[in-house]
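Chains P and F, in that order, are what the protein sequence lines are.
Everything in the first sequence is counted per this note's numbering, starting at 129 for the first residue and increasing by one.
Everything in the second sequence is counted per this note's numbering, starting at 625 for the first residue and increasing by one.
There may be inaccurate statements among the hints.
Said to hold, decoys possible - In silico DSBU-like cross-links for lysine-lysine, where the CA-CA straight-line distance does not exceed 35 Å:
no.: 1; chain 1: P; residue 1: LYS605; chain 2: F; residue 2: LYS905
no.: 2; chain 1: F; residue 1: LYS921; chain 2: P; residue 2: LYS607
no.: 3; chain 1: P; residue 1: LYS252; chain 2: F; residue 2: LYS729
no.: 4; chain 1: F; residue 1: LYS1207; chain 2: P; residue 2: LYS358
no.: 5; chain 1: F; residue 1: LYS1132; chain 2: P; residue 2: LYS605
no.: 6; chain 1: P; residue 1: LYS607; chain 2: F; residue 2: LYS729
no.: 7; chain 1: P; residue 1: LYS357; chain 2: F; residue 2: LYS1041
no.: 8; chain 1: P; residue 1: LYS135; chain 2: F; residue 2: LYS1207
no.: 9; chain 1: F; residue 1: LYS1151; chain 2: P; residue 2: LYS533
no.: 10; chain 1: P; residue 1: LYS607; chain 2: F; residue 2: LYS1124
no.: 11; chain 1: P; residue 1: LYS304; chain 2: F; residue 2: LYS1234
no.: 12; chain 1: P; residue 1: LYS607; chain 2: F; residue 2: LYS646
no.: 13; chain 1: F; residue 1: LYS646; chain 2: P; residue 2: LYS611
Said to hold, decoys possible - Sample of chain P residues lacking proximity to chain F, with all beta carbon distances greater than 12 Å (derived):
no.: 14; residue: GLN162
no.: 15; residue: LYS357
no.: 16; residue: ASP384
no.: 17; residue: HIS522
Source of the hints: derived by calculation from the structure; they are not laboratory data.
The model shown is predicted, which means the values in this text are computed figures rather than measured ones.
Glycine included, every Cβ here is placed at the ideal spot set by N, Cα and C.
Letter by letter, the chains look like this.
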Amino acid sequence: MSVLAGKELRIVGFLCNWCSYGGADTAGVARATQPTDLRIVRVPCSGRIDPLFILRALLHGADGVLVSGCHPGDCHYAEGNYYARRRLEILKQFLPVLGIDPRRFEYTWISASEGQRWQLAVTKFTQQIHELGAAPAFENAEKLIQIADMALTALRPLGTGQHAALADLKKAIVEKLPELDCVIGWQQSYDAAHSAPLFMRKPEDVEKLVWGPLNVNNLATYLPQYKGKKVGIVVKGCDSRSVTQLLQEGLINRDDVVVFSMPCEGTLDMARINQALGAYQHIDKVAYDEAGVSITADGKEHRFCMVEYAQGKCYSCATPGAVLADVRLGTPTPVTGTPATPPELALLDSMSLSERFAFWHTQMERCIRCYACRNACPMCVCRDYCVAESRDPHWLTQEDTATEKFFFQTIHALHLAGRCTGCGECQRACPVGIPILALRQQIARAVAQTFEGYRPGMNAKATPPLMGFTVEENNIKEKDWNK
Amino acid sequence: MRIGVFICHCGSNIGGTVDCAKVAALAATFPDVVYATDPMYTCAEPGQAAIEEAIKNYQLDGVVVASCSPRMHEPTFRRTVERAGLNRYMFEMANIREHVSWIGKDIEANTNKAAELVKMAVAKLRNNKALHAASFDVNKKVLVIGGGVAGIQAALDCAEGGIPVVLVEREATIGGKMAKLDKTFPTVDCSACILGPKMVDVAQSPNITTYAYSEIESISGYVGNFTVTIRKKTTYVDWSKCTGCGACTEKCPSKKTPDAFNEVTGLTTAITIAFPQAIPKKAVINAQHCKKLLTGKCGVCAKTCPTGAINYEMKDELVTETVGAIVAATGYDLVDWTQYEQYGGGRYPDVITSLQYERLLSASGPTGGHIVRPSDGKEPKNVVFIQCVGSRDRSIGRPYCSGFCCMYTAKQAVLTKDHMPDSQSYVFYMDIRANGKLYDEFQRRAVEEYGTEYIRGRVSKIYPDGKGHLIVKGADTLLGQAVEVEADLVVLAVGVEAAKGAARLAEKLRISYDSYGFFMESHVKLKPVETNTAGVYLAGVCQGVKDIPASVAQGSAAAAKVLSLFSKDKLQSDPQISQVDIKRCIACGKCVQTCPFGAIELFDFRGQQKARVIETVCQGCGLCTATCPQGAIQLAHFTDNQILAEVDALCQC
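Throw the hints in and build the complete structure from the sequences for me.
This is how it looks when you write it as structure tokens:
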């Protein structure tokens, strides 16, 4: 059945049973005339509303979504709406990076006695959606290919870590090794132009340890599966934030982990390096200097300057040194300047809403749904129980549509809200090079703006913002329907 | 699945603006729908019988009724399908009355919307599962919060029914506002004479434990099993020793303590017993005025007390009680009338509230029942009453009628004439609302027999004339002219609002309250005593404005609800609670961290940590379900799949 052509738009309402659904009933009892576009889904509490229901609706044809719960302080379940307020606010700030107009989603608080307020909210919201018109369909978005400009000024000099105290690190690991099941570091991979994780169990394994801009893997990803065992881990600054975040969530025990750290001078964007190297038979030579690395493949030398070929996240990195470490070697270079927007996010920022929609549609058509982004993510702790492959709950179909693939990315991003440390492993692992980190970066920016500069992975003792609330929120403003 | 759909006309309520037959025809095309019809009154006896019949005839295993709000009739229809052998949760409702037919007149749009709401309900029902309630024991003991006449009545009726009662009263004595009244309308009975015996009954009932001068600190648990912490506020008098002899109050040197019981119309001592008939009749020290507590020098009461009950070192004490049901009867307070600058804003001593006037009229009041002006102690001759002060006034955010002011003003006018036969009373009023039994007759007597001058109009200004009188300037809207009355005393019929702290208590009780702080009943007409929290009932003005007979009736009604709840030995728990899929749980503990009720715990399952829900503690909010990233904890009846089905039914069409 189709919506009345030209007259109605598709508006979905999620209302809590106790206050707002009652408020809508009160409006009905008072015969308070309202536009007919809105259809209400009744839920017990606004806290029950997974922001993903709203995204699902918006990506699948809804022109607008309105959520309403009990007024803060008046939740039938005491606290549900306090949590909802934070989650819904972050969702609202997330929508623009997807290319969805944030005005298509509003949340409000209406009590069971406020029939008139409900009438006002529905009327104003329906007007707002009609002013925006029918929502564009993701599947119909035009093609748009754009590439992020990585040439940013870094907050600190980028380098190749040639003066790092690798020998001291090896010595420290050998010393600690007897009391540990293993220590995780990096070794040379299939050739000298790539590195891979190294699991050191014996002193001779330690000899294979390497340090440099090719050490791209975030080894914290391995830690949860070693829970209960004593492990050491070598970290860059960004990796240490993942360790901290895992500690905060109780996914690893502090006493079981020994963290070795050296100051990071930046890592290379392997997607662009591999692209530049092209297909080759043999790596002849890899030579480092202070400013970059020269790779000779099949007799041809390629020069990669760190300032040009670093991973996007390295330019805006303010934590080159580990935020927590048991064995700390070397001193990190001080970070100067104010953090800039990371290049992937800056690219999205430079586009209009419709361009972003088109951009993501183009990118998602390339997605092969391999889930490497998820598997590389240190915070994706659901592992084998990811909702992407579940039928109960059945969030995703197996349809090969850009919408379904994009919805998965929004699921991943929202599940990481307030947890993602921006390590960028999702994007690095993507075999087709989709800049999906931008989605996580937008949420991180929203979380920082809304919750007093909160950055995940800095303090294992902090309460993650979306797992808590304050009765009065300083940076969340209630929708004023009278405006 | 075989689904039957019933599109109710609700007479013309729905049928008038929704083409119900068309909705039924469309519904018949929805997946799994094998039967669709459009009865005239689905909730009526024949309507319900038709559902039962259809379930049998068409072997239905799920039913959708599209009619009024599920907040109204969901329980009704759940019972219907249960009678026909279905599980009560194999039923869904589409609200096509409050959310469709009553809010728009466009039949085409309404019909379309109704059909889509039915489509959503069908989609959800296809994902429903039969749920089975567990049963649990009931602690047959009730907590009554508030010892005014409503709370007293509820406590007495429960005690009479054999139920142990815990009565908590914020003030030092039970009795509430009624204990402060001199006489009651329309019979002009002495208030203390009719309330007093009930208070004594409370004291003497072996089933009632009274905590006076105490407040509710916290409440946890659920219907049948609440745990209540009560804060016994510091009285500085050991009540187990105090005999209420009053020797201390005679000797106390701090004789300039404002008398709260007398609404500050007089002074009392720092150690005091509220009034002669107080229950419990125990002394309390007012710490703000006690010389011993303020300066450390005095101790006269301790020396005087024959039983050695005075204890200056006393601290608040917390007591825990477990109960199975709660009656909230917290009453009201007066609106702060001093915001009315035109009435002097509290600057003129001879402008007083009606409750203060009650204390002046009362034989146990500060003047022994002699009406005198607070300013000079002289008897007034002209008394002006102003009604609707803080009632029916949108400008101060109090748009509602306080209900009983018209009647007590008439009573006070009658009593004024009784006390001072040569006095003259004037009443400025907006409308007279005298709709109770014998009320209108009584109000007429005030006019016809007692010569009270009723002036229909508002007062614009009160000011002193400098000769000891107050000039009351107003309008007589019936005559269409300005009036001026020279008054010796002005009595304001101050409106009521919810008792101070009502909102805080509501949050502890997890019940709703409106913007004025009055507690919300479950249904404004059909469930005026119940709240939306099972096991919590309302009595008296805390739910909305009402006079003494209505408060007493609601107190009895609340008691009846408690007694009927306690007539069962076991209660059925709501199976709409969260369940953990133990395979999917990775024990990240996010649900444990966010659950507002502490209803989720981690436990060791074959060597692995897993989460589990404590069934009797879970309230069914679903916050955990929205928190769990892998969807391992699902709120029954509102699972991800059920809500997704509704969203998809709506969006992918």
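Against the 35 Å threshold, does the CA-CA distance of LYS357 (chain P) and LYS1041 (chain F) hold or violate the hint?
Violated: LYS357 (chain P) and LYS1041 (chain F) sit about 91 Å apart, past 35 Å.
Closest CB of chain F to the CB of ASP384 (chain P) still more than 12 Å away
The assertion about ASP384 (chain P) holds, with a minimum of 15 Å to chain F.
Pairwise hint evaluation, LYS358 (chain P) against LYS1207 (chain F), where the allowed Cα distance is 35 Å at most:
26 Å, holds
Does the no-contact call for HIS522 (chain P) survive, Cβ to all of chain F over 12 Å?
6 Å, violated
Distance restraint between LYS605 (chain P) and LYS905 (chain F), which requires alpha-carbon spacing of 35 Å or less
51 Å, violated
Hey, LYS921 (chain F) versus LYS607 (chain P), does the alpha-carbon distance stay inside 35 Å?
58 Å, violated
Straight-line Cα separation of LYS607 (chain P) and LYS729 (chain F) no greater than 35 Å?
Satisfied, since the Cα-Cα distance of roughly 29 Å is no more than 35 Å.
Could you check that no beta carbon of chain F comes within 12 Å of the beta carbon of LYS357 (chain P)?
Non-interface label stands for LYS357 (chain P): nearest chain F Cβ at 15 Å, farther than 12 Å.
Is it true that the CA of LYS1151 (chain F) sits at most 35 Å from the CA of LYS533 (chain P)?
49 Å, violated
Next pair to validate is LYS646 (chain F) with LYS611 (chain P); report whether the Cα-Cα distance is within 35 Å.
Given that 35 Å is the threshold and the Cα spacing comes to 39 Å, the pair is violated.
GLN162 (chain P) and chain F, when compared Cβ to Cβ, separated by more than 12 Å:
Answer for GLN162 (chain P): violated, closest chain F Cβ roughly 5 Å.
Holds or violated: are the alpha carbons of LYS252 (chain P) and LYS729 (chain F) at most 35 Å from each other?
Measuring from Cα to Cα gives roughly 19 Å; hence the hint holds.
In this structure, the earlier hints numbered 1, 2, 7, 8, 9, 12, 13, 14, 17 are contradicted, and the remaining ones agree with it.
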